[in-house]
Amino acid sequence: MNVAMQQLADPMDIRPFRIEKIRKELADTFTMELVPEGGGSFAFKPGQFNMLYTFGAGEVPISISGDPADPSKLVHTIRRVGAITQAIGNLSEGMAVGVRGPFGTPWPVEEAFGSDLVILAGGLGLAPLRPAIYMALANRHRFGKVVLLYGSRSPAEILFPKELEKWRGRFDTKVRVTVDRAEPGWGGHVGVVTKLVTGAGFDPMHTVAFVCGPEIMMRYGIQALEQAGIDSSSIYVSMERNMKCGIGLCGHCQWGAPFVCKDGPVFRFDEVADAFKVREL
Amino acid sequence: MPDRQAVIDRKDLGALFTLLADEGYQTIGPKPYDGAIVYAPISSPEELPKGIGDEEEGGHYRLTQRGDAKLFGHTKPVQGLKAHLYPARQKLWSAEKAGHGFRVVKDAAPQPRYAFIGVRACELSAMLVQDRVFEGGPYVDKGYAERRKNCLIVLVTCDHAGNACFCASQGTGPDASEGYDLKLAEVVDGSRHVFVTEAGSDKGRAILSKLSKQDAADGDVKAAAANLEAAAKGQKRAMIAGVAELLAAKLESPHWEDVAKRCMSCGNCTMVCPTCFCSTMEDATDLSGLKAERTRKWDSCFSIDYSYIHGGPVRNTAGARYRQWMTHKLSHWVEQFGVSGCVGCGRCIIWCPVGIDITAEAKAILKGA
Amino acid sequence: MVQVDNLGRILEEHPFAEGLEPALKELMIGCAANERFEAGQFLFREGGDAKKFYLVRSGVVAVEVHAPGRQALTVETVDDGGVLGWSWLVAPHKWTFDARAQTLVRALSFDTTCLMRKMDSDPILGYQVLKRFVPVMAHRLHAARMQMFDLYGPGKKG
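One line per chain: the protein sequences are A, B and C, in this order. In terms of numbering that gives the first Met the number 0, the first sequence opens at residue 0 and continues consecutively. In terms of numbering that gives the first Met the number 0, the second sequence opens at residue 0 and continues consecutively. In terms of numbering that gives the first Met the number 0, the third sequence opens at residue 0 and continues consecutively.
Next comes chain A alone, as it looks inside the complex (with noise of 0.2 Å):
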């Protein structure tokens, strides 16, 4: 079935597809590939996410975190902290999902073209943001200065460490990875994530940014990044709010006016920079 196809199917139905391969990423974190069961490919534009069903348990939303060019396998990149989450792990190769997607809007990687990039990513927000990487990294001659900034807990909480050292191996790009504590033989910087912001050495005119990770850390993140003089109207984030849905009609993923699932989960920051002011919202 191609995207078209699946636009015309009823949004509710889901798409059985088959774990092919199981790779364990952290202590609760994992990472699943998926093929559609009976063949075909699956195409998403990166930041986008999809409803994932696991038998009898329910579903949940959870981002996309594989390379948008290669749509023979879908990738999620999942933690386990909930019921459906944790049933989600316990599957094997072998058996099924279910998947309703892609959602959500993506992060704009083909509009910041021309543009340097930064790409600030907190804990288990690399994930969202690994397509806009691949992707932009697939495209770095449109670029400027691509900088990924990257803050984690501890050295063993860093996700995906071996791609992050591939990229910060290549000439053309800046990668700086912080953890907030870490033990002797960690060479890393230690610090908050916003540290990172100061010197990475971007033009801040002429610069997008990609935020996110845990909603704390992206407003901390931000206020660094605008602080480095980078307008608002230039930075992107990715939202979290519960969702039953994905298409905007359950009403669970309310923040203000915008329904995360479809209004989002990437928003332009001046757009939303009022909502992340009000409590409980």
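It is possible that part of the hints are untrue.
Said to hold, decoys possible - Mimicking SDA-like on lysine to any residue, the simulated pairs with C-alpha atoms at most 25 Å apart in a straight line are: (1) B:Lys105 - A:Ser40; (2) B:Lys296 - A:Leu280; (3) A:Lys276 - C:Ala143; (4) B:Lys212 - B:Ser200; (5) B:Lys362 - A:Glu279; (6) A:Lys165 - A:Thr30; (7) A:Lys261 - B:Gly136; (8) B:Lys148 - A:Asp9; (9) B:Lys235 - B:Pro352; (10) A:Lys261 - B:Asp130; (11) B:Lys249 - A:Arg267.
By construction, these hints were calculated from the structure, which means they are not laboratory data.
Place chains B and C on chain A using the hints.
Frame of chain A; chains B and C shown alone:
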């Protein structure tokens, strides 16, 4: 040119029910049940709440005896028609384990064809609002769209206002100018008991052409107009003007904490609101673990789980939850769907156990400005 | 003096000197020294007298805390363009952490006994130096609070 008005005599009203049933409609109308008037399947005018009125106030509802023979002398049933068009529990599909995976089985049963009789203007406005929600965006709820397309609407205009009514200030009643198939105005004058009738669609015209009727008398039309005027002018409550902009600017008003002291977070207002559309999913397996089912059911923004993301709910306090409901209904809804989410039926006022009045809260927030 | 000229250039290159009048820079240079630390070498140790601060020119300094029976923990790193050490400003003027070069580190150090004397007799210099240290302290406090809050947990959907 509006259709020329005709009257159907009370004794000929039964033919409408028969005709609709013959055309394959399930006729739904107001009916006294357990001390309240509800929308329910009825098959003849004899089941309508003859001579029964209702009394309503904040946190108060009683049936009354009107002392006349009116069939539609009440204001509005306790629950709107969303219960039919978007049922409180909807089974979406079931699944069976198959090998390492599972197979999804969808119920292919056809959607019901409802003829709603006795629909009030506020009710119809609520349907038009829900049409925008379920059919107006990039994603359409197919079940709703089909039930809605199938249905026939027999509107009945109001002859008085309930104490909780404020449709006049919301521009959603007591008269309706579109969206109905037939519009009836009940006129009782001594022994004369007729329904001034107008068709609003081809479907309605076709039905009307098959009913026995006479031309309306001057007095009938005047009486119907007077009733409507009384229903508009008799409204004791009104929503303040400019409430959408006001609330958008008052997300941090201290008044939310004041409401929180009274609000019990019971969610009654969301259940009786004819436009509230929030739902959640329920997934379950049978005891064998081989069969699973997915059910969509109404949810309320007043429940603590509603805003749960891992780490905890976003809206912890009753004040934040009430603010979500009221600002969504009256303000964010306009941004989302181009209209207010409130049709002024006043059900949220009546069914609030502590009588919180959305029109009074809006005024209080304005005053606190 | 050649050395002062060189130090002057070095100070000039550091963000700390931004907007500082030449005369004040001159006063500071009189208390400065150019230092170099091999990886693993300590710049200062917890409990020691805090009689210096450092403007890091290049390299990474780890600020560490150690406890018996536990591995030392790095709570912060300071690198190119950073300012290290403000215990000299606060009584009882003892270092509260260890600072260890994580890589080869080049830094400009300041004798704070010398500098403090100049700051006392020249309040404009005193104000300018403090004005540059207060943000350093504020950022450290902000960072400490954020670390205490545990920014990354509970994490993002994923």
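Handout entry: Given hint leucine 280 of chain A paired with lysine 296 of chain B - CA-CA distance at most 25 Å
Key = Holds: lysine 296 of chain B and leucine 280 of chain A sit about 24 Å apart, inside 25 Å.
Q.
Check the hint pairing lysine 148 of chain B with aspartate 9 of chain A against an upper bound of 25 Å on the C-alpha distance.
A. Distance ~17 Å between lysine 148 of chain B and aspartate 9 of chain A Cα, so the pair holds.
Restraint status (C-alpha distance of lysine 261 of chain A to aspartate 130 of chain B at most 25 Å): This hinted pair holds, its Cα atoms lying about 18 Å apart.
Against the 25 Å threshold, does the CA-CA distance of lysine 105 of chain B and serine 40 of chain A hold or violate the hint? holds (23 Å)
- [ ] For the pair we were handed, lysine 235 of chain B and proline 352 of chain B, check the Cα-Cα distance against 25 Å.
- [x] holds (20 Å)
> Does the alpha-carbon distance linking lysine 249 of chain B and arginine 267 of chain A stay inside the 25 Å limit?
Replying inline: Cα-Cα ~23 Å, so holds.
query: Is the Cα-Cα distance between lysine 212 of chain B and serine 200 of chain B 25 Å or less?
result: Given pair lysine 212 of chain B, serine 200 of chain B holds - Cα atoms ~18 Å apart, limit 25 Å.
- Hinted pair lysine 276 of chain A and alanine 143 of chain C, Cα distance within 25 Å: holds (22 Å)
query = Keeping to a limit of 25 Å between CA atoms, is the pair of lysine 362 of chain B and glutamate 279 of chain A held or broken?
reply = holds (23 Å)
**Prompt:** Regarding the pair lysine 261 of chain A and glycine 136 of chain B, is the alpha-carbon distance no greater than 25 Å?
**Reply:** holds (10 Å)
Discussion item. Can you confirm whether the C-alpha distance between lysine 165 of chain A and threonine 30 of chain A stays at or below 25 Å?
Written reply: Roughly 18 Å separates the two Cα atoms, so the pair holds.
In summary, this structure violates none of the numbered hints.
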